[in-house]
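*Asks:* Protein chains in written order, with the working numbering: chain A, 7 to 100; chain B, 7 to 100; chain C, 7 to 100; chain D, 7 to 100; chain E, 7 to 100; chain F, 7 to 100; chain G, 7 to 100.
Don't read these hints as lab results, they were simulated from the structure.
There could be a bad hint or two in this list.
[Stated by the list, open to error] Think about it this way: if two alpha-carbon atoms lie no more than 25 Å apart in a straight line, the pair counts; the simulated BS3-like pairs of lysine-lysine are: (1) F:K10 / G:K74; (2) F:K10 / E:K81; (3) F:K91 / G:K20; (4) G:K74 / F:K45.
[Stated by the list, open to error] Sample of chain C residues lacking proximity to chain D, with all beta carbon distances greater than 12 Å (derived): (5) E56; (6) D79; (7) E100.
Every residue gets a Cβ at the ideal spot worked out from N, C-alpha and C, and that includes glycine.
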Amino acid sequence: MNIKPLGDRVVIQKLEAETTTKSGILLTGTAKEQPQEAKVVAIGPGAMVEGKRVPMDVEVGNKVLYSKYAGTDVKVDGEEYIILKQDDILAIVE
Amino acid sequence: MNIKPLGDRVVIQKLEAETTTKSGILLTGTAKEQPQEAKVVAIGPGAMVEGKRVPMDVEVGNKVLYSKYAGTDVKVDGEEYIILKQDDILAIVE
Amino acid sequence: MNIKPLGDRVVIQKLEAETTTKSGILLTGTAKEQPQEAKVVAIGPGAMVEGKRVPMDVEVGNKVLYSKYAGTDVKVDGEEYIILKQDDILAIVE
Amino acid sequence: MNIKPLGDRVVIQKLEAETTTKSGILLTGTAKEQPQEAKVVAIGPGAMVEGKRVPMDVEVGNKVLYSKYAGTDVKVDGEEYIILKQDDILAIVE
Amino acid sequence: MNIKPLGDRVVIQKLEAETTTKSGILLTGTAKEQPQEAKVVAIGPGAMVEGKRVPMDVEVGNKVLYSKYAGTDVKVDGEEYIILKQDDILAIVE
Amino acid sequence: MNIKPLGDRVVIQKLEAETTTKSGILLTGTAKEQPQEAKVVAIGPGAMVEGKRVPMDVEVGNKVLYSKYAGTDVKVDGEEYIILKQDDILAIVE
Amino acid sequence: MNIKPLGDRVVIQKLEAETTTKSGILLTGTAKEQPQEAKVVAIGPGAMVEGKRVPMDVEVGNKVLYSKYAGTDVKVDGEEYIILKQDDILAIVE
Chain A
7 MNIKPLGDRV
17 VIQKLEAETT
27 TKSGILLTGT
37 AKEQPQEAKV
47 VAIGPGAMVE
57 GKRVPMDVEV
67 GNKVLYSKYA
77 GTDVKVDGEE
87 YIILKQDDIL
97 AIVE
Chain B
7 MNIKPLGDRV
17 VIQKLEAETT
27 TKSGILLTGT
37 AKEQPQEAKV
47 VAIGPGAMVE
57 GKRVPMDVEV
67 GNKVLYSKYA
77 GTDVKVDGEE
87 YIILKQDDIL
97 AIVE
Chain C
7 MNIKPLGDRV
17 VIQKLEAETT
27 TKSGILLTGT
37 AKEQPQEAKV
47 VAIGPGAMVE
57 GKRVPMDVEV
67 GNKVLYSKYA
77 GTDVKVDGEE
87 YIILKQDDIL
97 AIVE
Chain D
7 MNIKPLGDRV
17 VIQKLEAETT
27 TKSGILLTGT
37 AKEQPQEAKV
47 VAIGPGAMVE
57 GKRVPMDVEV
67 GNKVLYSKYA
77 GTDVKVDGEE
87 YIILKQDDIL
97 AIVE
Chain E
7 MNIKPLGDRV
17 VIQKLEAETT
27 TKSGILLTGT
37 AKEQPQEAKV
47 VAIGPGAMVE
57 GKRVPMDVEV
67 GNKVLYSKYA
77 GTDVKVDGEE
87 YIILKQDDIL
97 AIVE
Chain F
7 MNIKPLGDRV
17 VIQKLEAETT
27 TKSGILLTGT
37 AKEQPQEAKV
47 VAIGPGAMVE
57 GKRVPMDVEV
67 GNKVLYSKYA
77 GTDVKVDGEE
87 YIILKQDDIL
97 AIVE
Chain G
7 MNIKPLGDRV
17 VIQKLEAETT
27 TKSGILLTGT
37 AKEQPQEAKV
47 VAIGPGAMVE
57 GKRVPMDVEV
67 GNKVLYSKYA
77 GTDVKVDGEE
87 YIILKQDDIL
97 AIVE
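Work the whole structure out from these sequences, hints included.
*Replies:* Shown next, in the form of structure tokens:
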């Protein structure tokens, strides 16, 4: 299925939090930190400002940090996505 | 009956949530997820910005994802519709 | 009496909700749905944006759907009207 | 005394609510509806937008409908007035 | 001491409420109405809009009506003043 | 240490409230009024509006009145300062 | 790992609060003041205003004072960072 976000929206998918710490301890339940990293899976055409499209700053495939409570959770074909405005993406992580 | 939304408003109609899961189990009551998918049935002429119409990004017939609490529920001729601003439409699903 | 709304305001009058359902059952009390349909009885000259009047999108006589809690109820010569901004009108119904 | 409102402000004075109904019954206390009609007694020079005065839409002597909770009540020389922004005037009644 | 307000701010000083009514009765305590009249004692150079000063509408010496809860009370050299934005001044009284 | 505020921010330092009244009575505790006077110790380069710096209205050394709850208290090298936006400075006192 | 903040965002890292006072007393627990100083570790390309990038006022390596509750805490590779808008940085400390 193909999701085409509108305006300056971005569709991201959470990255699985690593379940082992650097020292190799397996984390469970609440000890596992809430991941804020996600992968960009689709981007909109950009916001419309005074008749012109503002080009997007992120690209499909980027790994990003995002504001924890931003956006809307959607489930399409059994997969969970978050659709948020590009402005709720804090940074690209490389 | 013919509904002509004003400005950048869009009239959508919820799509029936599938009542069987992929594995074929019939869902009932609260186990059935709240659908966020809808079909566009009418669009406005576009917002007026500094004397010019901004063309709409969605078209009649598009299947869209929308913000769950956005818009106003209306009932016309026994059919339920939601009228919302285009900005409350998150993405087009193809 | 003549009401001339200012700016982009519109004077509407609620349409009587049909008190019989399609199947002919007479509805009473709370079973009767809150009507959101109204008829436009007067329109303002349009909002003033940067020194120019923005022409109105609705006309006197239009049947419209409006946001349930928008506007101000006024009573002039015993008749009840609602004065609201055109932006609180969702759609024209034909 | 002379009150000169600033900007797009308007000074209005409530009109006495008619204390008899059309059928001639004298109303008392809470049965008497809260009047929303007033007479314009002074107008400001108009709002200043980008260095230019926007001409006012109401004139001294106009009978107007206004938003019930808008504006500030003032008492000058024993007379009660309401000073509000022109935007809180809903319509001119003729 | 000299107070020079910034931008479109105005320094006013409350006028003593008359303590006798028109009929000559001396008022005390809460029966005395909260005065909303004040005298302008200093004005700022005007707001800065797109690189230009917007000239002020009030002058030092004007008697004005102001929004009761607007502004900040300050005490300089034992004298009480209110510093508010010109927009919180409702009207000039002459 | 050198503090360089950003944009239209200003660093001020509260002036010690005089602890004796005009009549020479020494004040203690809550009887001592909350001072709202401060001295400007550093100013930013000015706000950026449409690509241009707006020059500041206050200068280092000015004695100013400021909004009591505005700004952020910071402690640098044991000294207490308040960093606020110039717009929260009400007036210059000379 | 490389963090590239978007727009006018800045990535900072809190500076360890000195745990000894000037007089050499070791502070513990709540007696230790909440540090508001941080070091800039990455900056965005600048905000986009009407199609142009506004250059940033801070640089990587700057020691800054920031609004205590601003921004989002993120943890990348076990290191804690704060990502905030440049406007939440109060001043550069030298």
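*Asks:* If a hint holds in the structure, say so; if it doesn't, say that too.
*Replies:* Hint by hint, here is what the structure shows:
This hinted pair checks out: K10 (chain F) and K74 (chain G) have alpha carbons roughly 18 Å apart, not beyond 25 Å. Restraint check: the Cα-Cα separation between K10 (chain F) and K81 (chain E) comes to about 30 Å, which exceeds 25 Å; the hinted pair is violated. As the CA atoms of K91 (chain F) and K20 (chain G) are separated by approximately 23 Å, the hinted pair is consistent with the 25 Å bound. Proposed proximity of K74 (chain G) and K45 (chain F) is supported: the alpha carbons are some 23 Å apart, at most 25 Å.
Listed as a non-interface residue, E56 (chain C) fails to keep its Cβ farther than 12 Å from every Cβ of chain D; the least gap is roughly 7 Å. Residue-level check failed: D79 (chain C) sits 9 Å from the nearest beta carbon of chain D, not beyond 12 Å. Remark: the non-interface label on E100 (chain C) is consistent with the geometry, its nearest Cβ contact in chain D lying 26 Å away (cut-off 12 Å).
Hint compliance for this structure: hints 2, 5, 6 are not met, and every other hint is.
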